[in-house]
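Please build the complete structure, drawing on both the sequences and the hints.
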Amino acid sequence: MDVLNAIVLFGNFVGVPAIAYGSQLALGALGVTLVYGILRFSNFAHGEIMSFGAMVAILVMWVLQAAGIGISPLPTVLLALPAAIVGTIALVLIVDRLVFRYYRVKRSPPVILLIASTGVMFVVNGLIRFIIGPTDQRVDDGTRFIMKVRAFKEATGLNEGLAIKTSQVISLTAAVACVVLLFWFLNKTKTGKSMRAYSDNEDLALLSGVNPDRVVTFAWILAGTLAALAGTLYGLDKVYKPFTYLQLLLPIFASAIVGGIGSPVGAIVGGFVIAFSEVMVTYAYKKFLGYILVADWAPVGLAQFLGTDYKFAVSFMILVVVLLVRPTGIFAGKTL
Amino acid sequence: MSALIGQDMTGGYGTGADILHGCTIGVEAGQIAVIVGPNGAGKSTAMKAVFGMLHLREGTVTINGKDITGLSPQARVREGMAFVPQTNNVFTSMSVEENLEMGAFIRDDDISRTMSQVFELFPVLKEKRRQPAGQLSGGQRQQVAVGRALMTKPQILMLDEPTAGVSPIVMNELFDRVIEIARTGIAILMVEQNAKHALAIADKGYVLVQGRNRYTDTGEALLADPEVRRAFLGG
Ligand SMILES: Nc1ncnc2c1ncn2[C@@H]1O[C@H](COP(=O)(O)OP(=O)(O)OP(=O)(O)O)[C@@H](O)[C@H]1O
Ligand SMILES: [Mg+2]
Numbered sequence: 001m002d003v004l005n006a007i008v009l010f011g012n013f014v015g016v017p018a019i020a021y022g023s024q025l026a027l028g029a030l031g032v033t034l035v036y037g038i039l040r041f042s043n044f045a046h047g048e049i050m051s052f053g054a055m056v057a058i059l060v061m062w063v064l065q066a067a068g069i070g071i072s073p074l075p076t077v078l079l080a081l082p083a084a085i086v087g088t089i090a091l092v093l094i095v096d097r098l099v100f101r102y103y104r105v106k107r108s109p110p111v112i113l114l115i116a117s118t119g120v121m122f123v124v125n126g127l128i129r130f131i132i133g134p135t136d137q138r139v140d141d142g143t144r145f146i147m148k149v150r151a152f153k154e155a156t157g158l159n160e161g162l163a164i165k166t167s168q169v170i171s172l173t174a175a176v177a178c179v180v181l182l183f184w185f186l187n188k189t190k191t192g193k194s195m196r197a198y199s200d201n202e203d204l205a206l207l208s209g210v211n212p213d214r215v216v217t218f219a220w221i222l223a224g225t226l227a228a229l230a231g232t233l234y235g236l237d238k239v240y241k242p243f244t245y246l247q248l249l250l251p252i253f254a255s256a257i258v259g260g261i262g263s264p265v266g267a268i269v270g271g272f273v274i275a276f277s278e279v280m281v282t283y284a285y286k287k288f289l290g291y292i293l294v295a296d297w298a299p300v301g302l303a304q305f306l307g308t309d310y311k312f313a314v315s316f317m318i319l320v321v322v323l324l325v326r327p328t329g330i331f332a333g334k335t336l
Numbered sequence: 337m338s339a340l341i342g343q344d345m346t347g348g349y350g351t352g353a354d355i356l357h358g359c360t361i362g363v364e365a366g367q368i369a370v371i372v373g374p375n376g377a378g379k380s381t382a383m384k385a386v387f388g389m390l391h392l393r394e395g396t397v398t399i400n401g402k403d404i405t406g407l408s409p410q411a412r413v414r415e416g417m418a419f420v421p422q423t424n425n426v427f428t429s430m431s432v433e434e435n436l437e438m439g440a441f442i443r444d445d446d447i448s449r450t451m452s453q454v455f456e457l458f459p460v461l462k463e464k465r466r467q468p469a470g471q472l473s474g475g476q477r478q479q480v481a482v483g484r485a486l487m488t489k490p491q492i493l494m495l496d497e498p499t500a501g502v503s504p505i506v507m508n509e510l511f512d513r514v515i516e517i518a519r520t521g522i523a524i525l526m527v528e529q530n531a532k533h534a535l536a537i538a539d540k541g542y543v544l545v546q547g548r549n550r551y552t553d554t555g556e557a558l559l560a561d562p563e564v565r566r567a568f569l570g571g
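Chain order of the listed sequences is A and F. Residues 1 to 336 in this note's numbering are what the first sequence spells out, letter by letter. Residues 337 to 571 in this note's numbering are what the second sequence spells out, letter by letter.
Hints are computed from structural coordinates only; laboratory data are not their basis. Source: prediction; values computed, not measured. Misleading hints may appear alongside valid ones.
Claimed, not checked - Below are the PhoX-like pairs computed for lysine-lysine, each with C-alpha atoms no more than 25 Å apart in a straight line:
(1) A:K188 to F:K462
(2) A:K106 to A:K165
(3) F:K402 to A:K188
(4) A:K190 to F:K489
(5) A:K165 to A:K311
(6) F:K489 to A:K188
(7) A:K287 to A:K241
(8) A:K311 to A:K188
(9) A:K190 to F:K462
(10) F:K402 to A:K190
Said to hold, decoys possible - If you want the ones that stay clear, here's a sample from chain A, every Cβ over 12 Å from chain F, calculated:
(11) F13
(12) A205
(13) W297
(14) Y310
Backbone N, C-alpha and C fix where the C-beta goes; we use that ideal spot for every residue, glycine too.
If you want it as structure tokens, here you go:
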């Protein structure tokens with residue numbers, strides 16, 4: 001009984017939240033990795049692009065809510081997703097046309113593009129502040145819980161309950177669907193294959209008649225789509241705070257790099273590695289240990305490795321260790 | 337009217353010094369032309385110039401009498417040219433089959449017939465079709481590279497040292513395949529380090545030195561020329 005309680009407790013505070021957070025990180029890291037694989041630079045603006053996508057979703061959501069349109073029990077913001085995706089794709093294509101293309105044509109080294117992307121990050125951040133303001137926005141209307149702690153306890157008779165939020169299930173579902181679609185696209189379609197070819201050997205792809213502008217456009221379309229999704233899901237799961245996306249950049253890059261930047265599989269694995277580490281290291285194990293240890297051995301303190309305020313330090317530490325031990329990342333990325 | 341002529345080509349990389357100085361190379365349909373010369377003579381550069389990967393300050397490139405000097409490499413692929421570079425000539429992370437598919441990227445028709453022709457030409461590729469090209473041996477990779485180029489059904493096939501790093505037996509086999517390909521009416525322009533061997537199967541030979549044409553003749557005549565033998569073919 002105690003073991004079951006411990007498992008449920010752990011699932012409730014670590015398993016479920018980390019899976020949802022991991023899904024969001026994986027979607028974010030996939031966007032970063034795609035841009036890196038095709039355009040060969042680290043796009044520091046990706047966090048703000050996610051934020052932009054979430055913002056568009058919220059704006060459209062307000063319109064829908066005002067018109068009384070909803071898809072209860074699901075949150076209205078899902079209905080706004082297509083618009084958010086289109087808006088975000090438009091943003092990245094415009095930014096590419098105005099900023100990145102110039103450096104690409106000049107064949108600037110990747111670090112120049114990286115610095116340019118930092119500039120883009122600040123501009124988009126300002127734009128978001130200007131449009132929606134710096135305050136928090138709640139996104140999760142509809143039924144917030146699929147399973148509540150109380151109902152779980154009553155059904156199982158355990159001391160501990162398991163709560164599953166709608167947003168968590170949506171995050172995982174969306175991530176799985178996206179990953180399946182993305183892999184199908186990259187491995188089965190002609191355009192997808194041409195993107196992998198371009199990422200593998202740019203010159204040879206050109207010799208085969210692949211149009212580089214088309215490949216780059218598709219990379220941005222995919223990155224924009226993934227960013228809008230990841231941003232909206234993160235906002236739905238927590239609260240939409242325009243400024244958290246700047247902090248989210250670190251775990252996202254950590255995910256991409258830990259998995260092997262440029263490798264889509266790596267981005268997904270990296271997302272979950274980072275999410276689970278972050279949640280597990282900042283979780284207080286006191287109660288959990290209380291269940292599985294002999295009563296006298298239960299810890300007096302919280303048994304928490306790091307306070308939750310330090311959660312971003314976790315990705316940073318993992319990043320440093322990976323760069324020291326295996327700089328290519330788990331899947332030795334570079335090509336899609 | 338030749339299938340392909342690069343006439344009086346002069347130019348270099350970017351803003352650097354000229355590498356080619358009035359160099360001329362060409363080939364007829366169904367024939368094999370071979371470029372030989374010392375390392376750094378500009379053989380690869382001449383190939384790239386013909387394929388539009390290099391800005392020419394002077395000279396023209398024509399195929400079947402049509403001036404294509406201003407076309408991009410991609411556009412030249414659509415005009416019926418295919419090029420196998422000296423290095424990095426396969427997609428290492430993609431399977432053999434996907435490499436061939438990428439070769440046929442510009443085609444919208446059914447490519448399965450061409451692919452089975454390539455598999456007939458290089459049976460080992462059929463066996464390894466699902467393996468990433470990066471896991472193949474050097475000789476097998478060259479076969480993938482040539483196969484990829486053939487997938488466009490080109491009229492002109494350009495090969496930069498297709499036998500680099502392969503054993504003598506595979507080299508002979510590759511040369512046999514090249515002859516077979518030429519018999520189907522394709523014009524083949526080839527750079528080769530194995531000069532004697534290559535000139536023996538060549539209808540036309542070019543000896544390049546420092547970006548200039550030193551000798552131009554039939555393969556047979558160059559092989560018979562004592563001067564060429566002494567200076568470039570090792571006696
Ligand atoms: N990408 C490049 N940028 C600048 N210079 C180059 C480049 N590639 C080759 N060169 C220069 O052009 C000259 C001719 O090189 P090229 O590769 O054409 O020789 P090659 O005849 O093919 O030699 P090899 O038999 O070794 O392949 C060399 O001096 C080389 O340094
Ligand atoms: Mg060469």
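Each hint, compared with the structure:
1. The suggested pairing of K188 (chain A) with K462 (chain F) holds, with an alpha-carbon distance near 19 Å, which does not exceed 25 Å.
2. Restraint check: the Cα-Cα separation between K106 (chain A) and K165 (chain A) comes to about 48 Å, which exceeds 25 Å; the hinted pair is violated.
3. Proximity of K402 (chain F) to K188 (chain A) is assessed by CA-CA distance (about 37 Å); at most 25 Å being required, the pair is judged violated.
4. Taking the CA atoms of K190 (chain A) and K489 (chain F), the gap is about 18 Å. The hint holds against a cut of 25 Å.
5. A hinted pair counts as satisfied when its Cα atoms are at most 25 Å apart, and K165 (chain A) with K311 (chain A) qualifies at roughly 22 Å.
6. Restraint check for K489 (chain F) and K188 (chain A): satisfied, since their Cα atoms lie roughly 23 Å apart, inside the 25 Å limit.
7. For a cut-off of 25 Å, the pair hint linking K287 (chain A) to K241 (chain A) is broken: about 31 Å separates their Cα positions.
8. For the hint pairing K311 (chain A) with K188 (chain A), the CA-to-CA distance comes to about 39 Å; that exceeds 25 Å, so the pair is violated.
9. At most 25 Å may separate the alpha-carbon atoms for a hinted pair to count; K190 (chain A) and K462 (chain F) meet this at roughly 21 Å.
10. Restraint check for K402 (chain F) and K190 (chain A): not satisfied, since their Cα atoms lie roughly 31 Å apart, outside the 25 Å limit.
11. With a closest Cβ-Cβ approach of about 40 Å to chain F, F13 (chain A) is found to remain outside the 12 Å limit, as its non-interface label requires.
12. With a least CB separation of 7 Å from chain F, A205 (chain A) falls inside the 12 Å interface cut-off, contrary to its annotation.
13. With a least beta-carbon separation of about 52 Å from chain F, W297 (chain A) lies farther than 12 Å from that chain, consistent with its non-interface assignment.
14. The beta carbon of Y310 (chain A) is kept farther than 12 Å from every beta carbon of chain F, the shortest such distance being approximately 38 Å.
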